[in-house]
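Q: The listed protein sequences derive, respectively, from chains W and X. Position 298 of the first sequence, counting from 1, maps to 298 under our numbering, and the rest follow consecutively. Position 259 of the second sequence, counting from 1, maps to 259 under our numbering, and the rest follow consecutively.
There's no promise every hint is true.
Only pairs whose alpha carbons sit at most 27 angstroms apart, straight line, appear in this in silico BS3-like list of lysine-lysine [unchecked claim]: (1) W/K318 / W/K180; (2) W/K103 / X/K21; (3) X/K180 / W/K103; (4) X/K331 / X/K21.
Only part of the chain W face toward chain X is listed, based on derived beta-carbon distances under 10 angstroms [stated by the list, open to error]: (5) A104; (6) Y112; (7) S250; (8) N253; (9) P255; (10) F271; (11) V272; (12) G273; (13) V282; (14) A284; (15) G289; (16) N290; (17) H298.
I should point out that these hints are in silico values taken from the structure, not numbers from a laboratory. Ideal placement from N, C-alpha and C gives every residue a C-beta, glycine not left out.
Number of protein chains: 2
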Amino acid sequence: MTITNARGYAVYDPKDYLNFKVIDYPLEALEDDRVTVAVECCGVCGSDHHTISGGWDHGAPSLFVTGHEVIGKVVELGKNVKGFEIGQRVGVGAQVGSCRRCKACKQGNENYCPTPVHGYNTLWPDNSEHQGGYSTHVRAQEHFVFPIPESIPSTDAASMLCGGLTVFSPLVRNGAGPGKKVGVVGLGGLGHYAVLFGAALGAEVTVFSRTDAKKADALAMGAKNFVATANPDFHKDLQRELDLIIVTASSKNLPLDELLSTLDIGKKMLFVGMPEEGLSNVTAQTLSGNGAALASSHIGNRAEVLQMLDVAVKQNVKPWVQVLQMKDAAKAIQAVEDNSVSDFLNLQQRS
Amino acid sequence: MTITNARGYAVYDPKDYLNFKVIDYPLEALEDDRVTVAVECCGVCGSDHHTISGGWDHGAPSLFVTGHEVIGKVVELGKNVKGFEIGQRVGVGAQVGSCRRCKACKQGNENYCPTPVHGYNTLWPDNSEHQGGYSTHVRAQEHFVFPIPESIPSTDAASMLCGGLTVFSPLVRNGAGPGKKVGVVGLGGLGHYAVLFGAALGAEVTVFSRTDAKKADALAMGAKNFVATANPDFHKDLQRELDLIIVTASSKNLPLDELLSTLDIGKKMLFVGMPEEGLSNVTAQTLSGNGAALASSHIGNRAEVLQMLDVAVKQNVKPWVQVLQMKDAAKAIQAVEDNSVSDFLNLQQRS
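I would like the entire structure built from these sequences, with the hints used as guidance.
A: And the structure:
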């Protein structure tokens, strides 16, 4: 008999977003192309905090179960699902559906589908609700369910599915690898993955952080160089050295001109951190000096998830995570808000 | 005997920049790698007006002979110059020298050399002055002197060397060609070249202009489509259609978000127009929707000049220019200021 309900930790009020309540709610239907996953654990992402604390006025449901870095076991298969079997360990990330028909989907850019179904607090085209992973179960289209290699612990794999992918995709799309030099600005959850995967892909990684406080961590993660941007001359010895910069910091006070000057000709500075204030000090003149580009990207596609997991296995990529019981999800959200952790991982406590 | 002086139209005062005086001034030395060119004609570029009317506080000379789109005849060869002969028709553009030793120069990116010598009002490393092409003579390093194919009239070739190259380089560096769709924002001097060369390279060109006033011109230049951005819905039918956008307009009121939405995933909007106000309304969110990038570029390299001239011959590219006598240079500058011409070309009147 098909599972109809899940039990999860829900937020009801963005003004009181640390007050999670355990609720039972209906799952979306098990369509022919969907898989039901019984949740084992789920990561905490900066966007969880950002979304639940900022209100959610995009026609979304009235309750809110966050979490979109899920690891669990397959417990149901839609009748057209071919790639999975019951009991298999799988992951589900920040996207659970797309139209599968548009130009983007056909190009293998389903992460840019104009009608995506995100990992939480969204509606399917039939207006059924999708809720996130601080729960007993999630459902997703087969295309957005990923087999997890045996050697990667669930608590390591979870946050790779959004945090890892968000930096892995632009790294590989922009050629990070042996002989390439990659700058990483900021060393939070995304930044630490950019260092881990940049190094795992064979690139030489330089971390830019405001002070030296995270230097030892950066080097331990695999960075070759560490630069404290509080030194106003930080860029002087790095002119046109880098092939790519991934910006994971959200500060509006980033020294963009100086960072851009460290890019080689015609290269990109790519933002995966999302400063709400915009890039107000950018001028075309800033960019023309070395023909640089400012770019951004949005998570990644299925092929990149599978490649990322393969790189993680072969290069033994170990994210730096802390593990809590899922009933303490509010503590994890609070810690993200306080910027006191790089990443968080909630082990589910079955009720 | 080596030529020591040139006679040109000079501006003395940025507050009185339409008051050109005929003066005699010393040319830089004929170094072994330099060529002396007797000027036949010289284009007028927006940056001429911009520079002479804005003051020139970059350690530059006290007089100012502008013009950096020169066609003329070789009259002297430095002793190491191998590629030219006396009497040959050649062109000199917006750059007359570079160090020839740095990483950029060795990569074939001499247009990004950190110590360039620009086409006017600059100093060579030995502090000798270089002045521009509203003159009888200019000198340039051999690398920045280009043979002009016989079938291109001098008055057509001149403005290609800066205006044409400034758009040709980003077109070819970003893959403009058959099967690609290129947007061109603005239809002034640069924009008209972007249309001509975009079409000549085989791309499908869409022109964005505020109103329909220039529609007939755009189509006559080779654009396939014309879009008036005064219509607030102008972008609706073009979502993710374009492979590249070249922005040649300098307005701070460009509808950047709407223009960006017309780019396919992971593509570039590249600014060659230089709005002084910056791109203040750009946010990383704007870019992440389709993984777009904002870029800029700086003129082009020698290989691109030669390729551009070859394309111009083979595709019979004819720029839209007006021709004046050089003594009327002030009228040309005035016309650029008034935005009443797309491009201007001054035939020299020998004194």
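Q: Are the hints correct? Go through all of them and say.
A: Each hint, compared with the structure:
no.	hint	verdict
1	W/K318 / W/K180	holds, 22 angstroms
2	W/K103 / X/K21	violated, 60 angstroms
3	X/K180 / W/K103	holds, 15 angstroms
4	X/K331 / X/K21	holds, 14 angstroms
5	A104	holds, 6 angstroms
6	Y112	holds, 5 angstroms
7	S250	holds, 9 angstroms
8	N253	violated, 15 angstroms
9	P255	violated, 16 angstroms
10	F271	holds, 4 angstroms
11	V272	holds, 8 angstroms
12	G273	holds, 7 angstroms
13	V282	holds, 5 angstroms
14	A284	holds, 4 angstroms
15	G289	holds, 7 angstroms
16	N290	holds, 6 angstroms
17	H298	holds, 5 angstroms
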